[in-house]
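Here the protein sequences line up with chains A and B, keeping their order. The opening residue of the first sequence carries number 289 in this note's numbering; numbering runs sequentially from there. The opening residue of the second sequence carries number 289 in this note's numbering; numbering runs sequentially from there.
A pair holds if it fits inside one copy or across any two, identical chains being indistinguishable in the list.
Calculated cross-link-like contacts (lysine-lysine; reagent style DSS-like; alpha-carbon spacing at most 30 angstroms):
1. Lys539 / Lys322
2. Lys461 / Lys530
3. Lys386 / Lys611
4. Lys386 / Lys456
5. Lys386 / Lys322
6. Lys322 / Lys611
7. Lys539 / Lys510
8. Lys456 / Lys530
None of these hints come from the bench; they were simulated from the model.
There are 2 protein chains.
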Amino acid sequence: MTAPRYDVLGIGNAIVDVIARADDDFLVAQNMQKGGMALIDEARAQAIYDAMGPAVEISGGSAANTIVGLASFGARAAFVGKVKNDELGRIFAHDIRKAGVDFDTRPAADGPSTARCYIMVTPDGERTMNTYLGAAQNLHPADLDEAAIAASAIVYLEGYLWDPKDAKDAFLKAAAVAHGAGRMVALTLSDSFCVDRYRSEFIALLRDGVVDLLFANEAELKSLYETSDFDAGVAALRNDAKLAAVTRSEKGCVVVSRNGVEAVPAAPLDNLVDTTGAGDLFAAGFLFGLARNRDHVTAGRLGALAAAEVIQHLGARPEGSLKDLAGQRGLPA
Amino acid sequence: MTAPRYDVLGIGNAIVDVIARADDDFLVAQNMQKGGMALIDEARAQAIYDAMGPAVEISGGSAANTIVGLASFGARAAFVGKVKNDELGRIFAHDIRKAGVDFDTRPAADGPSTARCYIMVTPDGERTMNTYLGAAQNLHPADLDEAAIAASAIVYLEGYLWDPKDAKDAFLKAAAVAHGAGRMVALTLSDSFCVDRYRSEFIALLRDGVVDLLFANEAELKSLYETSDFDAGVAALRNDAKLAAVTRSEKGCVVVSRNGVEAVPAAPLDNLVDTTGAGDLFAAGFLFGLARNRDHVTAGRLGALAAAEVIQHLGARPEGSLKDLAGQRGLPA
Chain A
289 MTAPRYDVLG IGNAIVDVIA RADDDFLVAQ NMQKGGMALI DEARAQAIYD AMGPAVEISG
349 GSAANTIVGL ASFGARAAFV GKVKNDELGR IFAHDIRKAG VDFDTRPAAD GPSTARCYIM
409 VTPDGERTMN TYLGAAQNLH PADLDEAAIA ASAIVYLEGY LWDPKDAKDA FLKAAAVAHG
469 AGRMVALTLS DSFCVDRYRS EFIALLRDGV VDLLFANEAE LKSLYETSDF DAGVAALRND
529 AKLAAVTRSE KGCVVVSRNG VEAVPAAPLD NLVDTTGAGD LFAAGFLFGL ARNRDHVTAG
589 RLGALAAAEV IQHLGARPEG SLKDLAGQRG LPA
Chain B
289 MTAPRYDVLG IGNAIVDVIA RADDDFLVAQ NMQKGGMALI DEARAQAIYD AMGPAVEISG
349 GSAANTIVGL ASFGARAAFV GKVKNDELGR IFAHDIRKAG VDFDTRPAAD GPSTARCYIM
409 VTPDGERTMN TYLGAAQNLH PADLDEAAIA ASAIVYLEGY LWDPKDAKDA FLKAAAVAHG
469 AGRMVALTLS DSFCVDRYRS EFIALLRDGV VDLLFANEAE LKSLYETSDF DAGVAALRND
529 AKLAAVTRSE KGCVVVSRNG VEAVPAAPLD NLVDTTGAGD LFAAGFLFGL ARNRDHVTAG
589 RLGALAAAEV IQHLGARPEG SLKDLAGQRG LPA
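Generate coordinates for the entire structure from the input sequences, incorporating the hints supplied.
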């Protein structure tokens, strides 16, 4: 096995976030499930945009945010995802490349426009998401650079890829290529509603060894094993997953492996502004720790640090250098 | 004179801001004049965008920011400015309308794309701007709704309109229509380099009574009268302007009229993040005070309050309700 070219290569939906503040009444009036991610069509996207307040546009996408976080820690990182060659697609490509990420997926020349996620941030900092997948759903196995995947220590995949058929095929191909090269495959469950759509398939990915490392939050874990008991979910996960990190918001996270369960506290917060990207950035820190051969608790602390940074401002990408932040907090980076 | 339909109608360049953090070395390497606004062509816009870091997109434009601030105070406000019917143009239109502003200027169907301002925010919070005017420069006198102008208590114009020939003609037509209806005409000098380009014309606008109320910052005032002495600038302004408000950053502002000069302190700050929009939002508060028949010092305090809000976050539009903020601070709104 040759030395990896990338610490982590991520594959996900390439999305520009359209973020506005909203109150709970707006969510109710719009029939939005608070805290969730709903897939929407173009007509609904237009209706939501017409109804929502003044917004800011910031590049997003779950796995893309994670990969940008990894680059911010100083990791060598690449991203695969589909935009259209339109204004938002060029914005997405600019932002991820200038964050230090290799991004070489060819944009679509025609077809649906670049994906947008309409995010309502309520006064409690919670985010509620509505995603128009657009061009992102046309990510195809042929978009994968097999050599790049084989040359990545970890391939990181988002559960949201399971929604579009071609993207799911790309997911499975990437996992096969990675394992063929002796690399690690990581998956984030993305969202409890996403888990609800694909529960048995996601469990099979763990049991069949397609996925070596799982990221989930508490709600996703409970949805995965259809339990309201966190400890029961963790016990089930220990049987199925080689390694998993389960985030619990202000309660920190637990790292679950065949050897046991280790708890890591959350990082302190001054001001919760917008929870968008908390899980994505936790994954960035944790993956960075693994890529640098740190122990699980240190990896968890790096994850907690990155998550805390991103929820203290609007948008799901870090505003400053996570490498510098880790250094200031005495964490290895 | 009938009761006005709008408290303030603003005319300016319709621009989407593309905002990134940068250090001083970047400004030097890119030959950017720190704190200024440079007009750039499309090739330079592309070169700057290729060089600058990950960005966020937030609707901007000097007079547009002011008008959004007025709406946030609860004023009836309208904006006139030209976008193209492209993605950024639709973003601009959405954001200003959802801020409560009437915006009915027909977008261009072809020609250059919607204007962008590439803004570098340095660690000291100072912003350095590079504007590609694009579709904005095609604002034409025919785009004006004369009835709306005649029905506005105050027409607010930005000095930047003096750059494109047609926009300048629109400016002069708007001022004539407003005065024909017995309304007030206000002008912001926009930028000391803009003043440098049109000094004698701007002074003539004051002396000829085309402009009733002038907004300037200290640098613009000094540029206008080619003096390094602030008091000399104020004395000259007293001779030329019926009413003027001159902002001085942390030193607050002075309100200059034929009757005298009144100083108003700046509002307290917790955390300076991005000075973009400070002058625009000062003008919003001051104009709101005038529209509500407040005295000059109260108007100045409303301006200071709005300026302080906008420089404590990224972007040049208020994030919360200025009406609520004024209420919390015991100011009339």
